[in-house]
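Next come the chains, spelled out residue by residue.
Protein chains: 2
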Amino acid sequence: MSNQNVKWHDHLVQREKRAKQKEQKPCLIWFTGLSGAGKSTVANALDILLLELNKHTYLLDGDNVRYGLNRDLGFSDADRIENIRRIGEMGKLFVDAGLIVLSAFISPFRSDRQMVRNLFLAGEFIEVHISTSLDVCEQRDPKGLYKKARSGQIKNFTGIDSVYEKPVDPEIVIDTGELSIQDAAQKIYDYLCDHAYI
Amino acid sequence: MSNQNVKWHDHLVQREKRAKQKEQKPCLIWFTGLSGAGKSTVANALDILLLELNKHTYLLDGDNVRYGLNRDLGFSDADRIENIRRIGEMGKLFVDAGLIVLSAFISPFRSDRQMVRNLFLAGEFIEVHISTSLDVCEQRDPKGLYKKARSGQIKNFTGIDSVYEKPVDPEIVIDTGELSIQDAAQKIYDYLCDHAYI
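If you read the sequences in order, they're chains A and B. In my numbering, each number is its position in the first sequence, counted from 1, plus 111. In my numbering, each number is its position in the second sequence, counted from 1, plus 111.
Possibly wrong hints are sitting among the right ones.
If chains are identical, the list can't say which one is meant, so a pair holds when it fits in one copy or spans any two.
Simulated pairs of lysine to aspartate or glutamate, DMTMM-like, Cα-Cα distance not exceeding 20 angstroms [as the list claims (entries may be wrong)]:
id, residue 1, residue 2
1, Lys266, Glu276
2, Lys277, Glu249
3, Lys203, Glu134
4, Lys166, Glu127
5, Lys298, Glu249
6, Lys118, Glu282
7, Lys136, Asp305
8, Lys166, Glu134
9, Lys131, Asp172
10, Lys118, Asp174
11, Lys118, Asp172
12, Lys298, Asp280
13, Lys128, Asp172
14, Lys131, Glu163
15, Lys203, Glu282
16, Lys166, Glu193
17, Lys259, Glu249
18, Lys128, Asp252
19, Lys136, Glu282
20, Lys258, Glu134
21, Lys203, Asp172
22, Lys131, Asp280
23, Lys136, Asp301
24, Lys298, Asp121
In short, the hints are calculated from the structure, not lab data.
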């Protein structure tokens with residue numbers, strides 16, 4: 112084997128050991144949906160549930176990514192694509208590290224989500240569509256953003272004057288207008304059990 | 112408490128639990144030094160050693176970062192700075208996830224390394240200067256890069272026609288011209304034990 116092959120082989124062995132050590136099948140659980148749909152809330156509830164069961168997880172969301180790694184990015188189309196690309200690449204490294212990674216971003220465009228899915232092996236990427244309706248999201252309006260978008264203070268707001276492209280064939284669909292946060296987290300947890308991730 | 116405070120409190124609790132679960136004090140071990148100095152080799156040896164002892168680690172190096180997250184970056188001064196910034200921010204998230212992170216990049220400029228150190232709390236950032244001399248590195252020339260730099264085929268090569276700024280007060284200094292790879296890994300391992308990281 113060449114040096115490069117030896118290195119790659121070593122890397123695969125280490126990767127397998129890290130996953131085995133953690134007694135889980137690493138994956139990226141990708142939450143997508145409108146602002147206010149409940150992505151972060153459900154992802155947080157699932158994160159806490161998994162940690163209580165001694166699983167090794169990490170949650171990527173606006174709070175720890177937008178103001179750190181991606182703080183050089185704005186809201187132009189090019190920057191939005193780059194935002195999702197970096198989150199996908201980072202998710203890939205976390206999965207490589209053996210973790211179950213949860214990411215909660217609107218990620219409105221199908222092509223961007225597909226780009227991220229393509230970074231992963233089959234089964235490593237789990238798309239969770241938080242399908243809560245625009246009406247419900249707008250009624251909740253937890254950050255007052257819909258109000259600002261309706262009045263024109265914010266431009267290009269997903270669901271108002273920018274499109275949200277629904278996933279065609281997501282692994283899981285959850286409407287938090289119908290399901291409680293705990294039940295939503297439980298539904299994803301059951302999926303992970305049924306498919307032998309944990 | 113406001114919603115934001117509750118969230119931050121929850122995050123700190125989760126962070127602490129993740130570290131406790133892994134029975135280690137998360138940190139970023141930052142290897143810096145010339146090309147061919149042995150950064151990646153020592154980091155890999157330490158990574159394998161720590162995993163054998165059931166520690167939870169991850170190694171960031173050119174192989175998994177340059178062609179993924181940072182593949183949009185070139186070798187201009189601005190891109191080099193951005194390269195190190197992103198690695199630092201990513202390292203911060205991995206430390207937040209509870210891992211002992213090893214990073215192996217030339218990172219020739221003091222100000223860039225200081226920028227990364229500033230992202231971390233005291234004790235979370237461990238600078239390891241792989242101080243192997245230019246002569247030894249150039250004799251090894253594992254990728255034939257020094258030869259190309261000397262002949263002018265590569266420009267701005269660290270140590271030849273671009274400066275390497277030695278760390279002023281690194282936590283650890285290792286010269287792989289004097290110490291074997293195993294002894295070098297052991298020296299860092301001892302430091303981690305002595306300072307209660309593991």
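Item to check | Ascending list of hint numbers which this structure does not respect | outcome: Numbers 5, 6, 9, 16, 18, 20, 22, 24, in rising order.
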